[in-house]
Amino acid sequence: MLVRSGESVIVQGITGRQGSYWSQRMAECGTRVVAGVSPGKGGREVAGVRVYDSVAEAAARHQVDATVLFVPPMAAREAALDAVSAGVRKVVFLAEHVPAQDVMEVLARARESGAQVLGPNTAGLVVPGETSVGIMPGFAPNIFRPGNVGVVSRSGSLGTLVCLNLVTAGFGQSAFVGIGGDPILGTTTLDAVRTLDADERTHAVVLVGEIGGVMEEEAAAYVATMTKPVVAYIAGRTAPPGKRMGHAGAIVTDGRGSGESKVAALTEAGATVVDVPSQIGDALRAAGAQAGEPDAAVRSSVREASPSR
Amino acid sequence: MKLLEHHGKQLLERGGLRVPVSGVASSAEEARDVASRIGSRVVVKAQVPTGKRGKSGAVLFADSADEAAEVAERLLALSVDGYPVHEVLVEECADIERELYAAVLNDPVSKGPLVLFSTSGGMDIEEVNRATPELVRRHPVDITRGLDAEEALEVVAGTDLPDAARGAVADALVRLYGVYRDSDADLAEVNPLVLTRAGDVVALDAKISIDPGSEPRQEAVVAAAPESAQEQLTELERRGRELGLQLIELDGDVGVLANGAGLTMTTLDVVHHYGGRAANFLEIGGDAYTKATPALSLVLDNPRVKSLLVNFCGAFARTDVMAEGVVAALEELRPDVPVFFTIHGTGEEEAVRLVRERLGVEPYDLMDDAVRAAVAAAASAAPAPSTAPVSAEVR
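Protein sequence lines, in the order shown, are assigned to chains A and B. Those letters in the first sequence? Residues 1 to 309, per the numbering used here, in order. Those letters in the second sequence? Residues 1 to 395, per the numbering used here, in order.
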């Protein structure tokens, strides 16, 4: 899922402290925030937009292409179902600690109605120079700058570091897609990589994974078919096995979820796997990605010629 | 949260599954009483939240009440996988015709519940799955429809289960699915689920874990789970837990404070990359970003810490708020370890100004430079005292 500059976004939970604060910050990044939703608080105005009681009411008055949920975990299911049943096609689900079965229910309903879900437990997505939907610092020019590298990350804080490193190394981003840290996600690493592969403005992909789960291994099979260069970093490779590290997904379960398994699968697929994020810029250059003009041609064949690690 | 077997069996029984007659004992005497009440051959099982008990000698059989007392005493002196045994379950032995395997779990790939079923249940189910995966049925369930009897019959169809048993086994699957839903489990596993000679379907074990995000609405289940069944924590880890912070003690000497699990894991990787070892994993991301002051005192209370590395990349977590907390803690605690900062993202300018003006410390532009400096400072400090930590062990 990507949200472009022409698309209209609503903010669910806009009357809360974070909802109103981030509505303004998202608008600063160019996002077209057209309305807010807070049940029982319809009729107010927050962050310069009208507040409605339900998504259906907002959708009756406004074009609604996407919604971003600033609602607490136990209210997230209802809010997301409100959006899905009102026909919103893109749902950005930020909350952390949402009951997993609520998430699965939302994803099942979304699938029925053809909606895409990003998250939960995501920091959102950024198209630098166009939009920022979520809680990423899309307004910070040392971190986000228009360019041609697409970034996929489970983590918001680590995604921020990676984007900072890209800009420091002279690159910009075509998009940042934060997929979220939960085990059950609407958009997986594979889904996001496919989106970036299909995106014309994306000439190279940076895949930021973490130990635990098998999403990186699943994405690797697709990476092997790509012509765009892929550089990957897997966080937590030095974490002692069997430690729970906060993200529910980051649990080393068996052979497949370990850092070694992910590195091996991605390396085999032709990606360049770096040891630390500061090596990403050099690895992109070595893999044939060019900084600067977003339309610069990417020499796709270089990837085969450059050995990983 | 992982439930002990006897707790899980209560949930199964409430959900309408059959479980053997049993009782929990925390002493040899209690075990003798339960066994004599049952009055037949019993199995005595250590109650620890870990798998493969059968293979680690934590499940023993007894033909008399005296023998039950004896084996209970032996089990109660054990530690299994790092968990001391505080309780045993004394249970009647089932008249087993066939051992089956059944589980319902959250499946990231189908993004919904997944039912697993096999007629080759028992201790070797993992080997069965590895060698002959076709013997383990995998059935994704549409959570908006649930699992009904008809669909459950499809799950068991095509297996070598006797025709007469199919209805009862399908019914057990439906009930297990009900327990999974009602208790917000992320795993509800019965291995073995047995078919008795009398034709009953009985759950001989229960491995149920509750999805952490659902704990607030599963108060009754959570309240019934004993403290001892949870992770084994060090003193600092326990203090962290009380403050709502996840701290894991490691064996290095570079104290680390970062926000977000991904960035914190990365910080540990980068410390390792430059030849250092982190003293802890501690993240203050998400809503915990306002807890920098107590978090920092936890890091500094670790006597092995020889240098301190603070790495913030603010998205939702505002670096100015986190820096304010860190600066306040450092002003109050005045630790005699050097501190290295690297700060970027939301609130960056204000955060850098705070650190510069109030601590007289210049944050590093590049994370790698801050890490290198922190690693070098720890290496040049006096050798660490040899206090080996007992780390949190999960699974």
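Among the clues, some could well be false.
Stated by the list, open to error - Quick list of the computed label-pair ranges, beta carbon to beta carbon: (1) B:R358 with A:Q18: 23 to 33 angstroms; (2) B:V109 with A:D275: 27 to 37 angstroms; (3) A:P72 with B:A168: 49 to 59 angstroms; (4) B:P133 with A:R194: 35 to 45 angstroms; (5) B:D251 with A:E260: 17 to 27 angstroms; (6) A:G42 with B:T290: 44 to 54 angstroms; (7) B:T159 with A:G170: 38 to 48 angstroms; (8) A:D282 with B:L105: 17 to 27 angstroms; (9) B:L105 with A:E260: 46 to 56 angstroms; (10) A:G42 with B:D200: 20 to 30 angstroms; (11) A:M74 with B:P140: 23 to 33 angstroms; (12) A:D282 with B:S79: 43 to 53 angstroms.
The set of hints was computed from the structure by calculation and includes no laboratory data. We put the beta carbon where it would ideally sit given N, CA and C, even for glycine.
Hint by hint, work out which the structure violates, then give me just those numbers in ascending order. 3, 4, 6, 7, 8, 9 and 10
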